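Peer 1: Listed here are the chains, written in short residue letters.
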Amino acid sequence: MTTSTIPSPKAAGFSFRRAQSRATDTRPLLWPSIFVLLIWMIVPLVLTLYYSLRNYNLVDPTVTGWAGIDNYTYLLTDPSFLTSVMNTVVLVGGVLISTVVFGTLFAVLFDQEFWGQGAARLFVIAPFFVMPTVAALVWKNLLMHPVNGLFAYITSSLGLGVIDWFTTMPLFSVGIIVAWQWVPFATLILLTAMQSLDREQMEAARMDGAKAVARFRHIIVPHLARPITVVVMIETIFLLGIFAEIYVTTSGGPGDASTNLPFLIYKTAILNSDVGGGSAGGIVAVVLANIVAFFLVRTVARNLD
Amino acid sequence: MKTKPRDKALMTLLGWGVAFIVFFPVLWMALASVKTELDAVATPPKILFRPTLENYAEINQRADYLKFFTNSIVESVGATLVCLLLAAPAAYAMAFFPTRKTKDILMWMLSTKMMPAVGVLVPIYILAIQTHLLDTWAGMIIVYTLMNLPIVVWMLYSFFREVPKEILEAARMDGATPRQQLLELLLPLSLPGIMSTALLSIIICWNEAFWSINLTASKAAPLTAFIASFSSPEGLFWAKLSAASLLAIAPILVFGWLTQKQLVRGLTFGAVK
Numbered sequence: 001m002t003t004s005t006i007p008s009p010k011a012a013g014f015s016f017r018r019a020q021s022r023a024t025d026t027r028p029l030l031w032p033s034i035f036v037l038l039i040w041m042i043v044p045l046v047l048t049l050y051y052s053l054r055n056y057n058l059v060d061p062t063v064t065g066w067a068g069i070d071n072y073t074y075l076l077t078d079p080s081f082l083t084s085v086m087n088t089v090v091l092v093g094g095v096l097i098s099t100v101v102f103g104t105l106f107a108v109l110f111d112q113e114f115w116g117q118g119a120a121r122l123f124v125i126a127p128f129f130v131m132p133t134v135a136a137l138v139w140k141n142l143l144m145h146p147v148n149g150l151f152a153y154i155t156s157s158l159g160l161g162v163i164d165w166f167t168t169m170p171l172f173s174v175g176i177i178v179a180w181q182w183v184p185f186a187t188l189i190l191l192t193a194m195q196s197l198d199r200e201q202m203e204a205a206r207m208d209g210a211k212a213v214a215r216f217r218h219i220i221v222p223h224l225a226r227p228i229t230v231v232v233m234i235e236t237i238f239l240l241g242i243f244a245e246i247y248v249t250t251s252g253g254p255g256d257a258s259t260n261l262p263f264l265i266y267k268t269a270i271l272n273s274d275v276g277g278g279s280a281g282g283i284v285a286v287v288l289a290n291i292v293a294f295f296l297v298r299t300v301a302r303n304l305d
Numbered sequence: 001m002k003t004k005p006r007d008k009a010l011m012t013l014l015g016w017g018v019a020f021i022v023f024f025p026v027l028w029m030a031l032a033s034v035k036t037e038l039d040a041v042a043t044p045p046k047i048l049f050r051p052t053l054e055n056y057a058e059i060n061q062r063a064d065y066l067k068f069f070t071n072s073i074v075e076s077v078g079a080t081l082v083c084l085l086l087a088a089p090a091a092y093a094m095a096f097f098p099t100r101k102t103k104d105i106l107m108w109m110l111s112t113k114m115m116p117a118v119g120v121l122v123p124i125y126i127l128a129i130q131t132h133l134l135d136t137w138a139g140m141i142i143v144y145t146l147m148n149l150p151i152v153v154w155m156l157y158s159f160f161r162e163v164p165k166e167i168l169e170a171a172r173m174d175g176a177t178p179r180q181q182l183l184e185l186l187l188p189l190s191l192p193g194i195m196s197t198a199l200l201s202i203i204i205c206w207n208e209a210f211w212s213i214n215l216t217a218s219k220a221a222p223l224t225a226f227i228a229s230f231s232s233p234e235g236l237f238w239a240k241l242s243a244a245s246l247l248a249i250a251p252i253l254v255f256g257w258l259t260q261k262q263l264v265r266g267l268t269f270g271a272v273k
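Going line by line, the protein sequences match chains A and B. Going left to right, the first sequence walks through residues 1 to 305 as UniProt numbering numbers them. Going left to right, the second sequence walks through residues 1 to 273 as UniProt numbering numbers them.
Hint data in this document are derived by calculation from the structure and do not stem from the laboratory. These numbers were taken from a predicted model, which means no experiment stands behind them. There could be a bad hint or two in this list.
[Stated by the list, open to error] Distance condition first, Cα-Cα at most 25 Å in a straight line; then the derived PhoX-like pairs of lysine-lysine:
hint: 1; chain 1: B; residue 1: Lys219; chain 2: B; residue 2: Lys67
hint: 2; chain 1: B; residue 1: Lys165; chain 2: B; residue 2: Lys103
hint: 3; chain 1: A; residue 1: Lys211; chain 2: B; residue 2: Lys8
hint: 4; chain 1: B; residue 1: Lys219; chain 2: A; residue 2: Lys267
hint: 5; chain 1: A; residue 1: Lys211; chain 2: B; residue 2: Lys4
hint: 6; chain 1: B; residue 1: Lys261; chain 2: B; residue 2: Lys113
hint: 7; chain 1: B; residue 1: Lys113; chain 2: A; residue 2: Lys267
hint: 8; chain 1: B; residue 1: Lys101; chain 2: B; residue 2: Lys113
hint: 9; chain 1: B; residue 1: Lys113; chain 2: B; residue 2: Lys103
hint: 10; chain 1: B; residue 1: Lys165; chain 2: B; residue 2: Lys101
[Claimed, not checked] Here are the computed distance ranges between Cβ atoms for each label pair:
hint: 11; chain 1: A; residue 1: Ala119; chain 2: B; residue 2: Pro188; range: 30 to 40 Å
hint: 12; chain 1: B; residue 1: Ile167; chain 2: A; residue 2: Arg27; range: 21 to 31 Å
hint: 13; chain 1: B; residue 1: Lys46; chain 2: A; residue 2: Thr62; range: 49 to 59 Å
hint: 14; chain 1: B; residue 1: Asn60; chain 2: A; residue 2: Gly118; range: 27 to 37 Å
hint: 15; chain 1: A; residue 1: Leu160; chain 2: B; residue 2: Lys46; range: 14 to 24 Å
hint: 16; chain 1: B; residue 1: Pro164; chain 2: A; residue 2: Gly253; range: 54 to 64 Å
hint: 17; chain 1: A; residue 1: Met86; chain 2: B; residue 2: Pro51; range: 42 to 52 Å
hint: 18; chain 1: B; residue 1: Asp174; chain 2: A; residue 2: Ala119; range: 45 to 55 Å
hint: 19; chain 1: B; residue 1: Lys8; chain 2: A; residue 2: Arg27; range: 51 to 61 Å
Using N, Cα and C, we set each Cβ at its ideal position, and we do this for glycine too.
Can you build the whole structure from these sequences, using the hints too?
Peer 2: Here it is, written out as structure tokens:
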């Protein structure tokens, strides 16, 4: 400091911080994380791309050499592929809609004052912490089982007959299980978001005679719009990868009725040992997920700072 | 805002009704776990029965349950520790010495989470075979560490940013080295944040079921894979399976309940606080 004027404390503090950040080299602290993530991101992706252009079968060593775009043409013209993409879209879309609707309603409900509210909240968010394989098995064996399941008992006592859930409506049944796990997630996030709602505005609206429905539509829904976007995008990333629930319940069947894209890739690459074909599917999945990710990252970036 | 008693009673009924329905499958499983195998599959379903703890006693004899439980603990805690060791310095650097690139680095780390696991399943599977990491603790810890690293960096970053800079600056003026600042000031100050980050990471690893099913077999299979192995045979062991399942989810339920507030921040990358 060679200036004759006395710097204001604020300015001095600022320049001090700047000087410090220049003096301290933080790169050694950062590079281990960046380095491993870079490898984690690039190596498998490059390998997937490479395998997708090769003839490669895990159990048949005679299958070898470049395949060009054969794996892709084969995949894209395979009827299973179109089915699995459609199933993925239906599953993701259906679960998203139901989680947002129920999540919003539950968030509003559990934001009200009532007796034992804290405990009731814990029970509502619990399914989110249940591991997917357990969730799938409970629904499959204890609830939806056509012989011993609770639902079979309920529907037959009501005279509706027994529904064999996983045979007659496999995708819907998987969707119920997945929604059961993700509604609590939406509820948890939206409930947290409700806490920053302007209570005075709500109260004022009530005083002015706004009915509950009007308050919900004109105050709560706009307030929750952004958290809902976040919920939708985060769920989309996870829902695009649903695997364990299908693996445990239907194994993608009957036929391809409940096969989504991840399960198709698993079937091709691991069960049928067709690495080339599975990799081509992997690249397609990466491209699809990146379209979603692009929007998610932009939203989060806007919220940063 | 005062709620009228009648409304409050109505809300109580509604709230607990919804809570009951949503929680019911877990409750039903818990009931099945203390039934005998015969009671568990009885039609009509038995609500009144003589409870037994037999299933819990028998699980380990029949299925080597403890081994899978140990695998789950080693893999999720191991990965979480490695993750924290890698992430804490990075989060510290970005929270206290932000540069123009900090935001880009954070966003880039987040974007690596967007890669669908299934897209890279094949090369990871083959690499695991070639490096003999398939079905090992080390292999699972590596995969889980990398899987959680972005979330852990993000969460630690957001907790570190809440530590008043002035405290660290004062320490710096007094001649504390970055190492001392990190270990003796920042860690104690942000311990609650670090704990909830660790818990979230453990929860995610514990419940992870894609890599565990595909990359483990008998030796390193955690509980998710163990439970999944019961998907095909339809034996009369639902009561035992329920007991095993309940033990598998109980610790995570407790962790989840304890940290629900901080979890929101971690799960939404700070977009909802």
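Peer 1: For every hint, state whether the structure bears it out.
Peer 2: Hints, one by one, checked against the model:
1. B:Lys219 - B:Lys67: 9 Å, holds
2. B:Lys165 - B:Lys103: Answer holds: B:Lys165 to B:Lys103 is near 19 Å, not above 25 Å.
3. A:Lys211 - B:Lys8: The given pair, whose Cα atoms are some 17 Å apart, holds under the 25 Å limit.
4. B:Lys219 - A:Lys267: Given that 25 Å is the threshold and the Cα spacing comes to 23 Å, the pair holds.
5. A:Lys211 - B:Lys4: Holds: A:Lys211 and B:Lys4 sit about 16 Å apart, inside 25 Å.
6. B:Lys261 - B:Lys113: 22 Å, holds
7. B:Lys113 - A:Lys267: Holds - the C-alpha atoms of A:Lys267 and B:Lys113 are around 23 Å apart, at most 25 Å.
8. B:Lys101 - B:Lys113: 19 Å, holds
9. B:Lys113 - B:Lys103: Holds, because 16 Å separates the two Cα atoms, which is no more than 25 Å.
10. B:Lys165 - B:Lys101: 20 Å, holds
11. A:Ala119 - B:Pro188: 30 to 40 Å: Holds, since A:Ala119 and B:Pro188 (Cβ atoms, about 33 Å apart) stay within the stated range.
12. B:Ile167 - A:Arg27: 21 to 31 Å: The hinted range 21 to 31 Å holds for B:Ile167 and A:Arg27, with Cβ atoms some 24 Å apart.
13. B:Lys46 - A:Thr62: 49 to 59 Å: 58 Å, holds
14. B:Asn60 - A:Gly118: 27 to 37 Å: 35 Å, holds
15. A:Leu160 - B:Lys46: 14 to 24 Å: 22 Å, holds
16. B:Pro164 - A:Gly253: 54 to 64 Å: The hint (54 to 64 Å, Cβ to Cβ) holds, given that B:Pro164 and A:Gly253 are roughly 58 Å apart.
17. A:Met86 - B:Pro51: 42 to 52 Å: 46 Å, holds
18. B:Asp174 - A:Ala119: 45 to 55 Å: 48 Å, holds
19. B:Lys8 - A:Arg27: 51 to 61 Å: 58 Å, holds
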